[in-house]
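Here is what each chain is made of, one letter per residue.
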Amino acid sequence: MIDAELWALFLNATLVNNFVLAYFLGICPFLGVSARLESAGRMGLAVTFVMLVASICAFAINRLLGMIGAEYLSLISYIVVIASAVQLVEMFVRKTSPALFKTLGIFLPLITTNCAILAVALFQTRREYGLLEGLVFAFGAGMGFTLALVLMAGIRERLRLVDVPDMAQGMAITLVLAGILSLAFMGFAGIGVAT
Amino acid sequence: MSDSATVSERENGLQRFRAGLWRENPILIQALGMCPTLAVSNTAINALTMSLATASVLLASAIVISTLRGIIPPQVRLACFVLVIATFVTLTDMLIEAFALDLHRALGAFLPLIVVNCMILSRIEIMASRQPASVAALDALGMGGGFMIGLITLGSLREVLGRGTLLDARVMPADFEPWQVMQLPGGGFFTLAALVIGFYLFDRRWRRQEVGA
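Residue numbers (numbering that gives the first Met the number 0), protein chains in the order written: chain A, 0 to 194; chain B, 0 to 212.
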């Protein structure tokens, strides 16, 4: 029973309410890093990892702030803690895989201002998820983000061989693609309700 | 000498103000700060509230940070910026909750997300942390204004086509069949793409006329 609920939560965050395509979260990296398939996959994994960290942090912060009765500080604390967590991840990646560090480039520090990360913390608080539910939700959201990013990168790699009208070059064509992807993801809407 | 400095400062500020409204419009040209805002652009009133909140946070934090720019050590500047922004976002969130509870419910978790709006952080980093308060404030006003123009246009279009209403008042004829797709997230992407293309065409024609004249 519990397993089924968690599974539904995961599917819901990944497919039905995909962070990028249904909530417009994390659009900046979505438009920025999605030009190449390889970097898109890595970016997605980095984001997923930071989301998991953020989920745990948010859970701990909520407990702590709840104890001292200072819930109004939650937004500020999330930001600071998540930013430090990203800093740690950045140092870790630079040490262990310089090539990956180079690929991700400017986008790794920018993960901090990735709305998707903060959104995981905020949604989790607002929907009153426990630690396990929060982790599953964060993982699902990260996987959904990766999926959208990789799909987009695949399409954009193909798009380079196509003659795009002058006026739609760059952002406009990417937005149209995102719109089509988003419509396609609407097809998953039936899954979430079934449970 | 101080006179000439103030004149150039004012001119610079005005120039920044105009650039934000049109040439460097944050939504239509720079594609910045769309993440938390697009999600609530399905009706004009949501777009208005959200962009107004974003613009006021930007203005307030630009003034504060530009005033403090001599004190903030460069190594930890990003953390300081984010702290100031987060403070103002929390304030705005509480204000909206106090005065417009229904809107606050409709916007939900997206209001606190203003804090990670890349547009705000980029303006703070590029302008407010380097320029005097007057220039930074005008730049923030221009950028905020441009942001509002872009977002309100988007929200109005989506509401008119998707529901046949504008600010909850019926504007389309009674037999108008609402385009469901405009209310879906996909419609948001399409509308924005159409706006970007329209802006590009309009701007190109305008530039040509300028060159011709």
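Calculated from the structure, these hints are not laboratory results. Even glycine gets a Cβ: it sits at the ideal position worked out from N, Cα and C. Treat the hints with care, as some may be off.
Coverage of chain B stretches by chain A, computed from C-beta distances (three or more under 8 Å per stretch; other residues unrestricted) [claimed, not checked]: (1) 96-104; (2) 139-153; (3) 172-184; (4) 189-197.
Estimated spans, in silico, between C-beta atoms of each pair [claimed, not checked]: (5) A:L64 <-> B:A99: 36 to 42 Å; (6) A:R125 <-> B:W21: 42 to 48 Å; (7) B:Q74 <-> A:S96: 44 to 50 Å; (8) A:Y71 <-> B:G197: 25 to 31 Å; (9) A:A98 <-> B:W205: 42 to 48 Å; (10) A:L72 <-> B:A18: 19 to 25 Å; (11) A:D2 <-> B:A18: 51 to 57 Å; (12) A:K101 <-> B:A78: 34 to 40 Å; (13) B:G107 <-> A:G65: 41 to 47 Å.
Measuring from beta carbon to beta carbon, are R125 of chain A and W21 of chain B in 42 to 48 Å?
violated (37 Å)
State, for the Cβ atoms of Q74 of chain B and S96 of chain A, whether the hinted interval 44 to 50 Å holds or is violated.
violated (25 Å)
Outcome, coverage hint (the stretch 96-104 of chain B, chain A; C-beta under 8 Å; three residues):
Coverage by chain A is violated for the stretch 96-104 of chain B (0 residues, Cβ < 8 Å).
Consistency of beta-carbon spacing, A18 of chain B to L72 of chain A, with hint 19 to 25 Å:
violated (36 Å)
May I ask you to test the hint 25 to 31 Å on the CB atoms belonging to Y71 of chain A and G197 of chain B?
Check failed, 42 Å falls outside 25 to 31 Å.
Has the stretch 172-184 of chain B got at least three residues whose CB is nearer than 8 Å to a CB belonging to chain A?
Per the Cβ count (3), the hint holds.
Starting from the hint 34 to 40 Å, judge whether the C-beta atoms of K101 of chain A and A78 of chain B obey it.
This hint is violated: roughly 25 Å between Cβ atoms.
Indicate whether the distance between the beta carbons of G107 of chain B and G65 of chain A respects the range 41 to 47 Å.
Cβ of G107 of chain B to Cβ of G65 of chain A: about 21 Å, so the range 41 to 47 Å is violated.
Looking only at beta-carbon atoms, does the pair D2 of chain A, A18 of chain B fall within the given range of 51 to 57 Å?
holds (55 Å)
Beta-carbon spacing of L64 of chain A to A99 of chain B - inside the hinted bounds 36 to 42 Å or not
Since L64 of chain A and A99 of chain B have Cβ atoms about 25 Å apart, the given range 36 to 42 Å is violated.
How does the Cβ-Cβ distance of A98 of chain A and W205 of chain B compare with 42 to 48 Å: does it lie in that range?
holds (45 Å)
Within the assertion that chain A covers the stretch 189-197 of chain B, do at least three residues meet a Cβ-to-Cβ distance smaller than 8 Å?
holds (count 5)
The structure shown violates the earlier hints numbered 1, 2, 5, 6, 7, 8, 10, 12 and 13.
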